[in-house]
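**Q** What follows is each chain in one-letter form.
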Amino acid sequence: MRDILRLSITLAVVAIASAALLTGMHNLTDPVIQERQQREYLEALESFFPEIDDYETEEIGDDRFDLIFDQEGEKLGVMATAKTQGYEGTITYNLAVDNNAEIIGIRIISHSETPGIGDVITTDNFQEQFIGKSFEDPIEAGEDVDTVSGATLSTGAMVSSISRTVTAIGENFLDMQRKAFDFEDLEDGIYRGSTEGTYGEMVVEVDFRDGRIEAIEVIEQNETEAYFVDAYPEIPQRIIEEQRLEVDVETGATLSAERIIAAVKDALEGAPEGDGEGGDN
Amino acid sequence: MSAHNPYLEDFSRGIIRENPVFRLLLGMCPVLGVTGYFMNGLGMGLASTAVLIASNVVIAALKNFIPPQVRIPCFIVIIATFVTIIEMVLQAFQPVLYEALGVFVPLIVVNCVILGRAEAFASKRPVLRSLVDGIGVGIGFTLALGILALVREVAGQGTVMGPDPESTIMLFGEGFEPMGLFGQPPGAFIALGLLLGLTNVIFKKLNIK
Chain X
1 MRDILRLSIT LAVVAIASAA LLTGMHNLTD PVIQERQQRE YLEALESFFP
51 EIDDYETEEI GDDRFDLIFD QEGEKLGVMA TAKTQGYEGT ITYNLAVDNN
101 AEIIGIRIIS HSETPGIGDV ITTDNFQEQF IGKSFEDPIE AGEDVDTVSG
151 ATLSTGAMVS SISRTVTAIG ENFLDMQRKA FDFEDLEDGI YRGSTEGTYG
201 EMVVEVDFRD GRIEAIEVIE QNETEAYFVD AYPEIPQRII EEQRLEVDVE
251 TGATLSAERI IAAVKDALEG APEGDGEGGD N
Chain Y
282 MSAHNPYLED FSRGIIRENP VFRLLLGMCP VLGVTGYFMN GLGMGLASTA
332 VLIASNVVIA ALKNFIPPQV RIPCFIVIIA TFVTIIEMVL QAFQPVLYEA
382 LGVFVPLIVV NCVILGRAEA FASKRPVLRS LVDGIGVGIG FTLALGILAL
432 VREVAGQGTV MGPDPESTIM LFGEGFEPMG LFGQPPGAFI ALGLLLGLTN
482 VIFKKLNIK
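Here the protein sequences line up with chains X and Y, keeping their order.
Note that my numbering has the first sequence beginning at 1, numbered continuously upward.
Note that my numbering has the second sequence beginning at 282, numbered continuously upward.
Treat the hints as calculated values from the structure; they're not laboratory data.
Treat the hints loosely; a few may be bogus.
In the DMTMM-like style, the derived pairs of lysine to aspartate or glutamate whose C-alpha atoms are separated by at most 25 Å in a straight line are [claimed, not checked]: (1) K83(X) with E368(Y); (2) K405(Y) with D3(X); (3) K83(X) with E458(Y); (4) K344(Y) with D3(X).
Keep in mind it's a predicted model, so treat the numbers as computed, not measured.
When you get a sec, could you build the whole thing from the sequences and use the hints?
**A** Structure below.
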C-alpha cells in the first residue's frame, strides 16, 4: 500500500513538474510564434494584393475571410484562411481571390501530409493549376485540375476544399450566384450517371418525371461506410426537397455528399435509359 | 583501461566505439527519415543532442528519487518534456528547420538512443558523467546524421546546404543530373549500408573494437 502511494506520488510530481515547465516555455515561445505567423500572413497578403491598405475580418464557421481594401477603400479581393482534412491531418491554407472571384494565390500554412508524397500540395506545380480559375469555372478533381497519383487523398481534399472556399467567397462577399443546374427541359426517364470516388466509382440512378427529380438511388459505391451513412440518403432527400443540385453539402461527409451530387449531375447530363415505367435494369 | 580518465572515456565512447548509428544501429527512424539534406540531418542531430543532454542530466539527478517500478514512465515524461520544449523553440526561432523536420521532432521522444542512455547509463551514474556521456553520444549521433545526410544530398540532389534556396550551393553546375534514388527513402538504406561497410573497414584497419 505504501509502495503504491509512493509510486503514484513520484509519477504525479514528475508530471506536474513537466506540465509547469512546459507551460512556462509555452508562454515564452507562443508570442514569438504568433508574431511570426502574423508577419508571414501579412507578407502573403502583400504579395497577393500589392495595393493592400487595410483589411476586415469576417468569420463563417471555422473559416476566416479577410476582405482586402486599398487606400481609397476600394475592395481588392478576399483572402480566406480555410481548413480541410487531408490524408494524415488538418491542412490549413490561404486562398487569395480577386474581385472577379478569380484565384490569384494559394499558400499552405500547415499540413502533416506524407513527406515526399502528399506534400506535393505545397508545390508550385500543383498550386498553379488553380490560378486564374474563378467562381464561374468548375473546379473538379481529375477534370479541371489534376490530382497527383499516389497522393489522391491529399490533392483531392485540396481540390474540393478550394472549390468550396471559392464558392463561399463568391456567394458571401462578392454577390455572386452559382448558376443553377437547369433540368427543366429534360425528358422523363431513368438517368444513370457515375463519378470517380476515392476508392472507386459511384453510380446513381435518378428517376425524373414531369420536370421533377422524383427519386435518387445510389446503386454502387465504394465510400468509407462510416462517412457515407451521413451523406446518404440525406443528400438525395435535400436535392428532391429543394429540386436543385446546389444543396448544402455540410453533413459530416462532405466528400461523399459532393460525389453524390456530381454523379446526379452526370446522370442528368446524359440521356435517359428507360421511360421511368418499370425501368430496364 | 582503468588508467583512462572516465570522463574522456565516457565522452569518446559515444562518438567512436559505441557510435549510436554506425556501431549500435540505434535510432534508425530519424536517421533514415530526415537525412535527405545536410542541414536537416544536422538540425535533427542537434535537436536530439539537446534532448539527450538535458534528459541524461535530469534523470541522473533524480535517480534516487524515482522508484525502479515507475522509472520508464518517468523517463518518458522527462524526455517528452524536453522534446516539447525543443519543438516550441524550433517553431519559434527556426521555423524553416521545424517545417523540414516535421513529425520527426515529436518522434524524438521514442528515439531509442535517448531512452537507451537514460536506462543504461544516466539512471546508474552521477550527474557529471551523465552530462559528458550525453554530449558524447549526442555528438556521435549528430556526426553520423550529418555524414549520411551529406552523402545523400550530394548524390541525390547535387547540392549542399539545401533545401533553402538562399543557402543552396549547386556542386556540379546546372546540367548535372543527380541520382534521385539517394534522395528517396530507399536511398537512405543504401547510403547507410555503404557507410556502415566503410566504418567497419576503417575500424578493422585501426583495430578498434
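**Q** A separate judgement is required for each hint: does it hold in the structure or not?
**A** For each hint, the structure was consulted:
no. : hint                : in the structure
1   : K83(X) with E368(Y) : holds (23 Å)
2   : K405(Y) with D3(X)  : holds (21 Å)
3   : K83(X) with E458(Y) : violated (38 Å)
4   : K344(Y) with D3(X)  : holds (17 Å)
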